[in-house]
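Q: From first to last, the protein sequence lines are chains A and B.
Take the first sequence: its letter number 255 is residue 254 in numbering that gives the first Met the number 0, and every next letter is one higher.
Take the second sequence: its letter number 183 is residue 182 in numbering that gives the first Met the number 0, and every next letter is one higher.
It cannot be assumed that every hint is accurate.
As the list claims (entries may be wrong) - Calculated lysine-lysine pairs in the DSS-like style (CA-CA distance at most 27 Å, straight line): (1) B:K113 x A:K217; (2) B:K74 x B:K104; (3) B:K347 x B:K300; (4) A:K217 x B:K107; (5) A:K308 x B:K130; (6) B:K132 x A:K308; (7) A:K217 x B:K130.
Bear in mind the hints are in silico, worked out from the structure with no lab data behind them.
Model, not experiment: these values are computed from the prediction.
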Amino acid sequence: MTARSMETGVSAAGRAVGTQGVWARIWQQDGPGYLFLLPWFIGFFGLTVGPMLTSLYLSFTNFDLLTTPDWIGASNYVRMFTADPKFAAAMRVTFFFVLFSVPLKLAFALGVAMLLNRGLKGLPLYRAIFYLPSLIGASVAIAILWRQLFSGDGLVNQFLANFGIDGPSWISNPRYSLWTLIILSIWQFGSPMIIFLAGLRQIPQDMYEAASLDGASKWRQFWKITLPLLTPVVFFNAIVQTIEAFKSFTPAFVISGGTGQPINSTLFYTLYLYQEAFGFFRMGYASALAWFLLVMIAAFTAFSFLTSKYWVHYDD
Amino acid sequence: MAASVELRKIVKSYGDLEVVHGVDLTIEPGEFVVFVGPSGCGKSTLLRMIAGLEPITGGELLIEGERINEVPAAKRGIAMVFQSYALYPHMSVYQNLAFGLETAKMPKPEIRAKVQKAAQILRIEPLLDRKPKQLSGGQRQRVAIGRAITREPRIFLFDEPLSNLDAELRVQMRVEIAKLHNDLGNTMIYVTHDQVEAMTMADKIVVLSAGNIEQAGAPLDLYNKPANLFVAGFIGSPKMNFFDASVDAVDPAGAKLGIAGGTLAFNRSVSAGKGDKLTFGVRPEHIGITEGSGVPMANVKVDLVENLGGQTLLYTTAPDGSGLTIVLEGQRDIALGSTVTAHIDPAKCHVFGADGNVA
Numbered sequence: 000m001t002a003r004s005m006e007t008g009v010s011a012a013g014r015a016v017g018t019q020g021v022w023a024r025i026w027q028q029d030g031p032g033y034l035f036l037l038p039w040f041i042g043f044f045g046l047t048v049g050p051m052l053t054s055l056y057l058s059f060t061n062f063d064l065l066t067t068p069d070w071i072g073a074s075n076y077v078r079m080f081t082a083d084p085k086f087a088a089a090m091r092v093t094f095f096f097v098l099f100s101v102p103l104k105l106a107f108a109l110g111v112a113m114l115l116n117r118g119l120k121g122l123p124l125y126r127a128i129f130y131l132p133s134l135i136g137a138s139v140a141i142a143i144l145w146r147q148l149f150s151g152d153g154l155v156n157q158f159l160a161n162f163g164i165d166g167p168s169w170i171s172n173p174r175y176s177l178w179t180l181i182i183l184s185i186w187q188f189g190s191p192m193i194i195f196l197a198g199l200r201q202i203p204q205d206m207y208e209a210a211s212l213d214g215a216s217k218w219r220q221f222w223k224i225t226l227p228l229l230t231p232v233v234f235f236n237a238i239v240q241t242i243e244a245f246k247s248f249t250p251a252f253v254i255s256g257g258t259g260q261p262i263n264s265t266l267f268y269t270l271y272l273y274q275e276a277f278g279f280f281r282m283g284y285a286s287a288l289a290w291f292l293l294v295m296i297a298a299f300t301a302f303s304f305l306t307s308k309y310w311v312h313y314d315d
Numbered sequence: 000m001a002a003s004v005e006l007r008k009i010v011k012s013y014g015d016l017e018v019v020h021g022v023d024l025t026i027e028p029g030e031f032v033v034f035v036g037p038s039g040c041g042k043s044t045l046l047r048m049i050a051g052l053e054p055i056t057g058g059e060l061l062i063e064g065e066r067i068n069e070v071p072a073a074k075r076g077i078a079m080v081f082q083s084y085a086l087y088p089h090m091s092v093y094q095n096l097a098f099g100l101e102t103a104k105m106p107k108p109e110i111r112a113k114v115q116k117a118a119q120i121l122r123i124e125p126l127l128d129r130k131p132k133q134l135s136g137g138q139r140q141r142v143a144i145g146r147a148i149t150r151e152p153r154i155f156l157f158d159e160p161l162s163n164l165d166a167e168l169r170v171q172m173r174v175e176i177a178k179l180h181n182d183l184g185n186t187m188i189y190v191t192h193d194q195v196e197a198m199t200m201a202d203k204i205v206v207l208s209a210g211n212i213e214q215a216g217a218p219l220d221l222y223n224k225p226a227n228l229f230v231a232g233f234i235g236s237p238k239m240n241f242f243d244a245s246v247d248a249v250d251p252a253g254a255k256l257g258i259a260g261g262t263l264a265f266n267r268s269v270s271a272g273k274g275d276k277l278t279f280g281v282r283p284e285h286i287g288i289t290e291g292s293g294v295p296m297a298n299v300k301v302d303l304v305e306n307l308g309g310q311t312l313l314y315t316t317a318p319d320g321s322g323l324t325i326v327l328e329g330q331r332d333i334a335l336g337s338t339v340t341a342h343i344d345p346a347k348c349h350v351f352g353a354d355g356n357v358a
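Put together the whole structure using the sequences plus the hints.
A: Following this line, the structure appears as structure tokens:
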């Protein structure tokens with residue numbers, strides 16, 4: 000043993016053994032943990048990251064599922080923005096849906112949460128009842144029910160007939176069809192409502208007491224105290240609900256029978272993507288659409304975070 | 000600007016549970032009144048009823064002789080400082096101070112002037128642009144007081160405003176609030192469970208227990224002449240020593256009491272008969288261990304000595320096993336386990352009957 004190795008107590012051979020020992024120690028300490036994580040790793044890389052990267056590649060190809068993908072560069076993206084009126088229609092419908100369904104749903108959810116926050120008896124029951132549509136709302140069954148409700152001879156028109164109103168077929172009239180989907184989306188207000196309710200509970204009561212001593216009306220208290228202190232929750236709900244709205248598919252698919260009709264008025268972006276992928280087997284183009292949707296959502300989220308410092312008030 | 004407050008048979012109930020039982024109290028204009036008592040005694044409830052934040056179940060509340068039971072909080076001419084400060088976290092200090100004035104739709108130049116004046120009084124001018132989270136506890140407390148000042152109320156209410164501050168800051172803020180009272184001259188009602196705060200700040204202390212007023216009066220009156228055992232035990236720190244006593248003999252000039260295994264000639268009339276059981280109380284600071292400090296009461300064994308620099312506290316045990324706390328002025332070198340003779344001045348002692356009231 001050299002003087003140096005005597006100092007450290009490790010020879011060259013000893014270092015090799017030592018390194019082996021380190022791995023053995025890591026395996027002994029953390030091996031079982033990694034073993035338990037393995038299914039998740041396989042799932043994440045095999046079923047999420049892998050397909051995502053594949054779809055990114057496919058978005059630059061012409062691919063019909065049966066033949067080998069042809070590399071066509073950015074042609075799919077160029078077509079999307081320059082030669083596809085249906086893409087423009089889908090964008091219009093989707094943005095209209097996001098623009099109206101998200102604020103209305105959040106406003107409705109906040110209104111109900113504020114009502115429930117007034118110390119009602121049987122609050123857990125009301126909470127569960129109001130949450131129920133969120134659990135079942137995006138299902139095929141509810142979309143079918145919605146179609147029945149808003150069809151020409153549906154329950155809505157039967158109700159309106161009592162007042163002598165001859166209602167149109169709401170889902171087959173392009174003026175109203177998208178609004179029936181917006182109403183369906185608002186009806187699923189349970190999830191943001193629960194989060195608003197939790198947020199409202201966090202606002203200290205003495206803020207309101209101080210404000211009432213200052214002479215602030217309930218309306219002023221809402222605008223000057225409740226809403227500003229709730230902005231972190233509004234921010235969270237807005238992001239989640241906007242992403243959900245961009246991704247919305249089932250109701251439009253079921254109500255329009257997968258067509259996005261009448262006159263593309265319910266042609267959601269995801270529905271158009273589905274048509275391109277599984278109707279026309281243009282997998283390359285569908286992949287490009289999917290990636291653009293991801294970029295839109297990411298851009299919206301990034302924009303929201305960047306602007307949040309101007310309107311979201313965090314206590315610490 | 001100062002206003003009188005009168006409580007007439009004020010009752011507060013939550014369902015069947017009555018928590019304040021017919022309180023009568025008169026507060027003079029400009030008086031600094033402190034509600035003091037243990038947790039759950041109803042002091043904050045009483046304050047909140049005056050503020051208009053709690054409905055009054057029974058009785059009458061009058062401000063300047065006018066019944067205001069049904070008058071909304073904002074119209075009572077009252078400002079309140081909360082224990083948690085209740086500052087609006089999303090507003091700057093300026094906006095916090097101006098909120099009430101903006102709500103009242105006061106012209107902006109007037110608001111600015113009032114905010115500046117309050118900020119000047121409380122020395123928070125450099126903080127006006129900051130948010131509450133950027134302030135220390137003491138600064139937040141100042142802002143909370145400033146918010147009350149800007150509204151120029153007839154009555155200030157303070158609900159345990161110093162309980163979130165550290166000991167040093169509490170003393171500092173205590174002095175500042177007292178100074179503020181002197182400068183503004185408003186009626187102030189202050190709730191605390193800290194009897195030192197009560198003693199140092201109040202013109203009048205109201206001692207509450209279980210929803211009743213035990214005694215109301217000037218701080219030294221309560222200290223020197225407590226009306227009952229509760230007040231005697233609550234006012235004063237360290238608290239008064241109590242002993243079971245029996246009346247051995249009674250005559251018009253006084254009584255002989257059996258206390259802590261000894262006998263004490265009590266040179267004050269006692270409304271009790273021979274053989275009656277009493278409670279004898281003496282404050283730790285009214286006990287000496289030298290002959291000149293009064294009449295001998297008992298030889299006590301020293302269990303613990305606390306030297307505070309200016310004072311020495313002795314925790315001792317009397318021959319009958321009861322504990323006796325003694326406060327001596329200055330620094331003393333007293334050995335643990337040693338025996339000292341506790342001397343008391345009978346004129347400064349207190350005797351309470353079986354009902355807990357002064358005998």
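Q: What are the numbers of the hints that this structure violates, sorted from low to high?
A: Structure breaks no hint.
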